[in-house]
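Number of protein chains: 2
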Amino acid sequence: MEFQFLGTSSGTPSKSRNVTALALRSLGAARAARHWSLIDCGEGTQHRILRAPWSLHDLHAVFITHMHGDHCYGLPGLLASAGMMNRTAPLTLVGPAPLRPFLEGVMATTELGLPFALDFVDVENLADADVLPDLAVRATKLSHRIPCWAYSFTEKAVERRLDTARLAAGGVPRGEAWGELQRGRPVVLDDGRVLQPEDWLQPGRKPRKIIVGGDNDSPALLVDEARDAEVLIHEATYTEDVLQKVGPGPQHSSARMTALAAGEAGVPNLVLTHFSPRYQEGEGAPSMRDIENEARAVYGGQLFLARDFDRYQLGRDGQLSLISGRSA
Amino acid sequence: MEFQFLGTSSGTPSKSRNVTALALRSLGAARAARHWSLIDCGEGTQHRILRAPWSLHDLHAVFITHMHGDHCYGLPGLLASAGMMNRTAPLTLVGPAPLRPFLEGVMATTELGLPFALDFVDVENLADADVLPDLAVRATKLSHRIPCWAYSFTEKAVERRLDTARLAAGGVPRGEAWGELQRGRPVVLDDGRVLQPEDWLQPGRKPRKIIVGGDNDSPALLVDEARDAEVLIHEATYTEDVLQKVGPGPQHSSARMTALAAGEAGVPNLVLTHFSPRYQEGEGAPSMRDIENEARAVYGGQLFLARDFDRYQLGRDGQLSLISGRSA
Chain A
1 MEFQFLGTSS
11 GTPSKSRNVT
21 ALALRSLGAA
31 RAARHWSLID
41 CGEGTQHRIL
51 RAPWSLHDLH
61 AVFITHMHGD
71 HCYGLPGLLA
81 SAGMMNRTAP
91 LTLVGPAPLR
101 PFLEGVMATT
111 ELGLPFALDF
121 VDVENLADAD
131 VLPDLAVRAT
141 KLSHRIPCWA
151 YSFTEKAVER
161 RLDTARLAAG
171 GVPRGEAWGE
181 LQRGRPVVLD
191 DGRVLQPEDW
201 LQPGRKPRKI
211 IVGGDNDSPA
221 LLVDEARDAE
231 VLIHEATYTE
241 DVLQKVGPGP
251 QHSSARMTAL
261 AAGEAGVPNL
271 VLTHFSPRYQ
281 EGEGAPSMRD
291 IENEARAVYG
301 GQLFLARDFD
311 RYQLGRDGQL
321 SLISGRSA
Chain B
1 MEFQFLGTSS
11 GTPSKSRNVT
21 ALALRSLGAA
31 RAARHWSLID
41 CGEGTQHRIL
51 RAPWSLHDLH
61 AVFITHMHGD
71 HCYGLPGLLA
81 SAGMMNRTAP
91 LTLVGPAPLR
101 PFLEGVMATT
111 ELGLPFALDF
121 VDVENLADAD
131 VLPDLAVRAT
141 KLSHRIPCWA
151 YSFTEKAVER
161 RLDTARLAAG
171 GVPRGEAWGE
181 LQRGRPVVLD
191 DGRVLQPEDW
201 LQPGRKPRKI
211 IVGGDNDSPA
221 LLVDEARDAE
231 VLIHEATYTE
241 DVLQKVGPGP
251 QHSSARMTAL
261 AAGEAGVPNL
271 VLTHFSPRYQ
281 EGEGAPSMRD
291 IENEARAVYG
301 GQLFLARDFD
311 RYQLGRDGQL
321 SLISGRSA
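From first to last, the protein sequence lines are chains A and B.
At position 199 of the first sequence the residue is numbered 199 (the UniProt record's numbering), and the sequence of numbers has no breaks.
At position 157 of the second sequence the residue is numbered 157 (the UniProt record's numbering), and the sequence of numbers has no breaks.
To be clear, the hints were calculated from the coordinates, so they are not data collected in a lab.
We put the beta carbon where it would ideally sit given N, CA and C, even for glycine.
A hint or two may mislead.
Across the chosen pairs, the derived CB separations fall in these ranges [to be verified]:
no., chain 1, residue 1, chain 2, residue 2, range
1, A, Q313, B, D58, 44 to 54 Å
2, A, N86, B, P115, 51 to 61 Å
3, A, G247, B, L114, 16 to 26 Å
Assemble the whole structure, with the sequences as input and the hints as a guide.
Rendered as structure tokens:
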């Protein structure tokens, strides 16, 4: 599985960080290998995509965590550009109920016609939908000024090896029968026995799971969902001292709050994002280093601070690696 | 007067050109010197402003030529950012009638509250409005797939010199009386005479006038309006050969069509913009050079092809100069 940050700033863009968007895909199933999903779509996301290895033709679904503008104002322009590129495949849009009237209102008042269908899925009904071919998606409700969700993405199928010792002991002849079982299909032997693949495959590895949070002032809400995840991506808008100054009104998390929840869940990889533009990249104060130090003080796992264009791979072994930045 | 291009691409952004936006201000009146206007606001305009010398606090009015997304999808995010910066001054929004339901729909579905008022002016009623303190604004209807306008900006007042020969001949004593007349105020002399400033000032120079067109397949519609303008800024989406291939459906102008109309109006400066992303900046084909050559072949005035961040000054003498690109 891999994901790339297309925006990591909260509220407003800065010169180095755009507002929120994340691209995610599973590299597992060949048929889905080029399909990808977008989680949130702040203004300027299509501009980021111009400089990243994602095609609007292959975008399978968009998941919106909540309806604040810095998480969805890029959607109308992205859809319009996909239309101008003659995309024809339907696009699934998952989000809070106002997502549909938001887009339909924009399309009506700006006479935007699209050459592809939009399939809206209300996040409240996500459990009944089968949105992605390769990943199971669940939503967890968060705590923010307006309704907001986290999305978790879990591999639906993992590759499994034949239990060759068992096959040999059972007298199942090598060759076509083994191949069919490996491909997950039942086999009828010459002696009349019917073999179900489930009985002749080794247990699969753990399916990988990535959680992408929206804006949230209570990261503890994700502890249960994160217990079996390899990666938690969550906002850390402020350090504790700034959070105290700003007050609870904006309903965001500090780096400490998020790191404590990640530690409690035992999630091995934590990627912080959605930073207030007040944090400087360099030596200025307050700096991104303050966010990092605060999280490290209470979290012992692998910690990352997201930057725009940072691209991560989560291996089958559960190892998360930062592999590259922008492509061009 | 000065203006800066914040986007010069048609339809979709490219790596070097954003979708349409233009900043404009009059440097004449001191009280308005920091006030500026934005004409069109494609997605990502606020990102361009981050790298240009314009503050959202000083934005006085936004003029939208038409409701296609590449000319207005940046407006919700720009307003939201102005709000987060604690702007309190009311903002005037001039545009086609759907501009108001567009913004009100976005604001309602994304729960965007602003700490400043929005004053909507329907472009059809612009003649009755006094939108800018320093510039008279007129709208001219164009020909496009949806209703579209050009805006012309003309100085309301020009500095005028005292007619000193006449004052001396009339026996008006130097000093306070001359100063008051220069400031445009009537004067009562010791001998009882009442002097009206109009009678003692030399004729003013011609007020400067800049026309900013929207999308348009009939640039001849602007010939009358452009006869007394110093600058015409108008789309030249294609060259003639591409226009023939694309057909009339999109309702855009070729470089030749725009240049012919500018020549007919006798406007001394023509700035082309809104180029199809198919035109390459370098040696590729088709290239921006093709647009330039086609326009030059039929237009003898000063010709410019706009680029993002290009900044122009129009002097009191009517001379247009390209002064700089991006600030940071």
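Notebook entry, point to check: Which numbered hints turn out to be false for this structure?
Noted result: 2
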